[in-house]
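Starting from the given sequences, assemble the full structure and let the hints guide the process.
Protein chains in written order, with our numbering: chain L, 5 to 277; chain A, 5 to 277.
If you're looking for bench data, these hints aren't it; they were derived computationally from the structure.
As the structure is a computational prediction, the values presented were derived from the model and not from experiment.
Hints should not be assumed to be uniformly reliable.
In this list, chains with the same sequence are indistinguishable; a pair is considered to hold if it fits within one copy or across any two.
[Unchecked claim] With a Cα cut of at most 30 angstroms, we get these calculated DSSO-like pairs of lysine-lysine:
hint, residue 1, residue 2
1, 241, 75
2, 131, 230
3, 197, 160
4, 157, 75
5, 83, 18
6, 258, 160
7, 197, 157
8, 18, 131
9, 128, 187
10, 128, 157
11, 241, 83
12, 160, 131
13, 74, 128
14, 75, 230
15, 232, 160
16, 187, 83
17, 74, 230
18, 131, 232
19, 157, 92
There are 2 protein chains.
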Amino acid sequence: MYSFLNNEFLSAEKTFIHASDLATQRGYGIFDFFKIMNGRLLFVEDYFDRFYRSAEIMRLPISLSREELKKVILELVQKNGVSDCGIKMILTGGYSPGGYEIASPNLIITQHSLTMPGTPVLDKGIKIITHEYVRDIPHVKTINYITGIWLQKRIKDEHAADVLYHLNGLVSEFPRCNLFIVKEDRTVITPAKRVLHGITRKNILNLNGKDFSIREDDVSLQDVFKAKEVFLTSTTKRVIPIVQVDDTMIGIGKPGEISLRILEALIETENKN
Amino acid sequence: MYSFLNNEFLSAEKTFIHASDLATQRGYGIFDFFKIMNGRLLFVEDYFDRFYRSAEIMRLPISLSREELKKVILELVQKNGVSDCGIKMILTGGYSPGGYEIASPNLIITQHSLTMPGTPVLDKGIKIITHEYVRDIPHVKTINYITGIWLQKRIKDEHAADVLYHLNGLVSEFPRCNLFIVKEDRTVITPAKRVLHGITRKNILNLNGKDFSIREDDVSLQDVFKAKEVFLTSTTKRVIPIVQVDDTMIGIGKPGEISLRILEALIETENKN
Chain L
5 MYSFLNNEFL
15 SAEKTFIHAS
25 DLATQRGYGI
35 FDFFKIMNGR
45 LLFVEDYFDR
55 FYRSAEIMRL
65 PISLSREELK
75 KVILELVQKN
85 GVSDCGIKMI
95 LTGGYSPGGY
105 EIASPNLIIT
115 QHSLTMPGTP
125 VLDKGIKIIT
135 HEYVRDIPHV
145 KTINYITGIW
155 LQKRIKDEHA
165 ADVLYHLNGL
175 VSEFPRCNLF
185 IVKEDRTVIT
195 PAKRVLHGIT
205 RKNILNLNGK
215 DFSIREDDVS
225 LQDVFKAKEV
235 FLTSTTKRVI
245 PIVQVDDTMI
255 GIGKPGEISL
265 RILEALIETE
275 NKN
Chain A
5 MYSFLNNEFL
15 SAEKTFIHAS
25 DLATQRGYGI
35 FDFFKIMNGR
45 LLFVEDYFDR
55 FYRSAEIMRL
65 PISLSREELK
75 KVILELVQKN
85 GVSDCGIKMI
95 LTGGYSPGGY
105 EIASPNLIIT
115 QHSLTMPGTP
125 VLDKGIKIIT
135 HEYVRDIPHV
145 KTINYITGIW
155 LQKRIKDEHA
165 ADVLYHLNGL
175 VSEFPRCNLF
185 IVKEDRTVIT
195 PAKRVLHGIT
205 RKNILNLNGK
215 DFSIREDDVS
225 LQDVFKAKEV
235 FLTSTTKRVI
245 PIVQVDDTMI
255 GIGKPGEISL
265 RILEALIETE
275 NKN
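As structure tokens, this is what we get:
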């Protein structure tokens with residue numbers, strides 16, 4: 005397996021970064037992740053938009069143009085000979101002499117196998133827990149997951165699958181996923197503020213007006229507890245129905261009809277991309 | 005120059021970490037930093053206490069016992085032949101196959117040159133700005149400095165030297181330093197909550213009862229603005245007088261007498277250690 009570092013393809017096992025990198029020293033960096041299916045780079049322009057925007061906000065110049073970056077990724081996929089995969093692009097703060105100033109960023113591109121959620125999870129749904137927290141600079145896809153990873157033990161201990169962040173009564177997002185709720189009146193809502201703008205979230209918002217009424221808005225913890233349906237979304241997970249939040253059963257405790265219809269519509273969107 | 009990685013001494017320039025490390029992938033790790041002066045490891049037991057406690061809270065086992073760690077550091081200092089230096093110990097989340105689970109931590113120990121604050125800064129004092137923020141898991145010395153580094157530009161633009169975090173009206177700390185204020189009645193107070201427990205902060209709190217009245221308590225932004233004196237503390241900076249906070253002049257706009265007396269007492273404490 006090959007990966008790419010700054011300006012060269014190299015063996016994935018040999019992709020090493022010097023310890024002075026600002027990611028190791030200060031957790032400073034951004035990343036993005038998208039899917040390649042049947043050789044097609046799904047929604048790649050959206051992911052590139054976000055990656056370049058994250059880089060700009062965090063003051064990390066990317067050494068490659070979008071065209072060059074795409075070319076590198078296509079060459080990487082060809083070298084590795086795997087046409088269904090995930091591509092991860094990490095951009096770090098670079099080798100910082102003083103360990104605190106942004107230097108020349110390191111660009112790391114790695115290819116990963118994809119495991120999409122199986123039938124059991126879609127049949128049964130998942131339990132999630134909640135935690136009071138908001139990510140630093142939430143609209144940017146930084147590498148800071150200190151709290152998310154630290155919460156993994158609590159998630160496991162409580163036999164849950166993920167954790168929903170909330171602050172001052174309003175929910176925002178999961179460490180790596182967005183949230184949607186379906187209200188009693190069948191409108192679908194995703195939190196508007198303090199969230200990363202997921203590409204899957206965007207694709208679902210784009211379904212508004214056809215068979216669904218979908219919008220961004222404030223969502224309170226109470227809205228979640230009394231929702232008819234709740235689900236999470238991400239690039240790798242697509243749509244996962246949530247049937248329990250902390251100790252509260254959602255709806256009738258089974259994956260909801262609208263959630264599953266949105267998943268179908270999402271897969272259709274992917275196939276058309 | 006040598007550094008130490010897991011179980012071996014190696015050239016500092018060759019201290020590389022694989023890109024799959026959870027620090028690069030997810031900003032997950034802890035660190036600590038202490039001074040060696042004239043070959044003496046200053047307050048090393050306090051720093052080790054904090055380092056091992058941070059590691060335990062973040063679920064990162066340290067492969068070396070305290071005795072082994074101290075032996076490694078002494079050997080490193082001897083190899084490098086520099087007896088006045090800073091020692092940085094970083095413990096990362098390790099090489100994580102899935103990029104999200106804690107693996108076997110990597111321990112990186114590096115030696116750094118020390119530059120203590122010079123006379124001009126102590127004569128003139130510094131300006132600081134304020135920012136609404138609280139660090140994730142503030143009592144742990146994690147490597148997450150996303151916000152601190154991102155704020156560097158604003159600090160520079162506003163001709164300031166550092167940024168003080170506050171939330172809901174209460175101030176907490178700087179990205180890398182603790183805060184102290186001196187009230188009109190000459191009592192010295194440092195924020196009690198949502199702070200990293202600095203070793204310099206501890207040494208200053210220990211001065212309580214001799215020539216000073218020093219304690220931990222809530223400190224509001226207003227308390228800072230109307231303080232007689234304000235100063236910051238850290239291992240490398242010791243005590244730096246603050247003469248301006250945002251647009252507000254502190255006291256008479258000059259380093260205060262009590263701040264400078266505390267600095268003297270701190271240096272005395274260091275010399276006795």
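Item to complete: Provide an ascending list of the numbers of those earlier hints which the structure does not satisfy.
Response: 4, 8, 13, 14, 16, 17
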